[in-house]
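As they're listed, the protein sequences go chains W and R. Under our numbering, residues 1 to 112 are what the first sequence spells out, in order. Under our numbering, residues 1 to 114 are what the second sequence spells out, in order.
Warning: the hint list may mix true and false statements.
What follows is a set of in silico ranges between Cβ atoms, one per label pair, in the way DEER data are often shown [unchecked claim]:
| no. | chain 1 | residue 1 | chain 2 | residue 2 | range |
| --- | --- | --- | --- | --- | --- |
| 1 | W | ILE28 | R | GLY96 | 20 to 28 Å |
| 2 | W | ALA93 | R | THR14 | 34 to 42 Å |
| 3 | R | LEU39 | W | GLU15 | 24 to 32 Å |
Simulated from the structure, these hints should not be mistaken for lab results. From the three backbone atoms N, C-alpha and C, an ideal C-beta is built for every residue, glycine too.
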Amino acid sequence: GQQLNQSPQSMFIQEGEDVSMNCTSSSIFNTWLWYKQDPGEGPVLLIALYKAGELTSNGRLTAQFGITRKDSFLNISASIPSDVGIYFCAGSASTNAGKSTFGDGTTLTVKP
Amino acid sequence: ETGVTQSPTHLIKTRGQQVTLRCSSQSGHNTVSWYQQALGQGPQFIFQYYREEENGRGNFPPRFSGLQFPNYSSELNVNALELDDSALYLCASSLGLAANYEQYFGPGTRLTVT
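Given the sequences, and given the hints that come with them, work out the whole structure.
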């Protein structure tokens, strides 16, 4: 089956620093999604990417859909304490984002 | 607050028992997907329902079954519970099947099997 490798597994950074995390897949995806999950809650969609090479921003977050369609990265600029949480990448081979394959997450800790 | 609710919040069951988890979709959403999230891992797709019909299934045995009702609320049933079924079960609803229809996740049901 499809597998996503997400790295790094965890990050400890100082407030104000930039963060970068990425996902690679053994299969081609047609949609890449980035989610954030806080304790006791379900994942919340941050950015959705639908075309190879696409670069999309959402405030301090920027994500790119790799041109091979097998990878994606997420950057967070000027991190703040509320960025703490678990970030998941997810990919969908179909046009149906509801059947996504998720990575195992990057746990982000931001020290004030 | 996504408008997607799940019940119960927590549940403890014994191995071999059966369990039913419930999900109420966001208003107007006709598609629901269920995911299993083991501790320290990402959600794994169980199955999806679209307008009361199953529309795809992940790598889960038949003892995981579901239903979607005319009001688009949904149930996940698990028979013959095993210890490895202990996880957070998430449902997510969306407007339809297209990729650009965002999924909204509920807070999940934490199932513990002893």
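So, going through the hints one by one against the coordinates:
1. Look at W:ILE28 against R:GLY96: about 23 Å separates their beta carbons, and that is inside 20 to 28 Å.
2. Checking the proposed 34 to 42 Å range against W:ALA93 and R:THR14 shows it holds: the Cβ atoms sit about 38 Å from each other.
3. Roughly 28 Å separates the CB atoms of R:LEU39 and W:GLU15, a value that falls within the hinted 24 to 32 Å.
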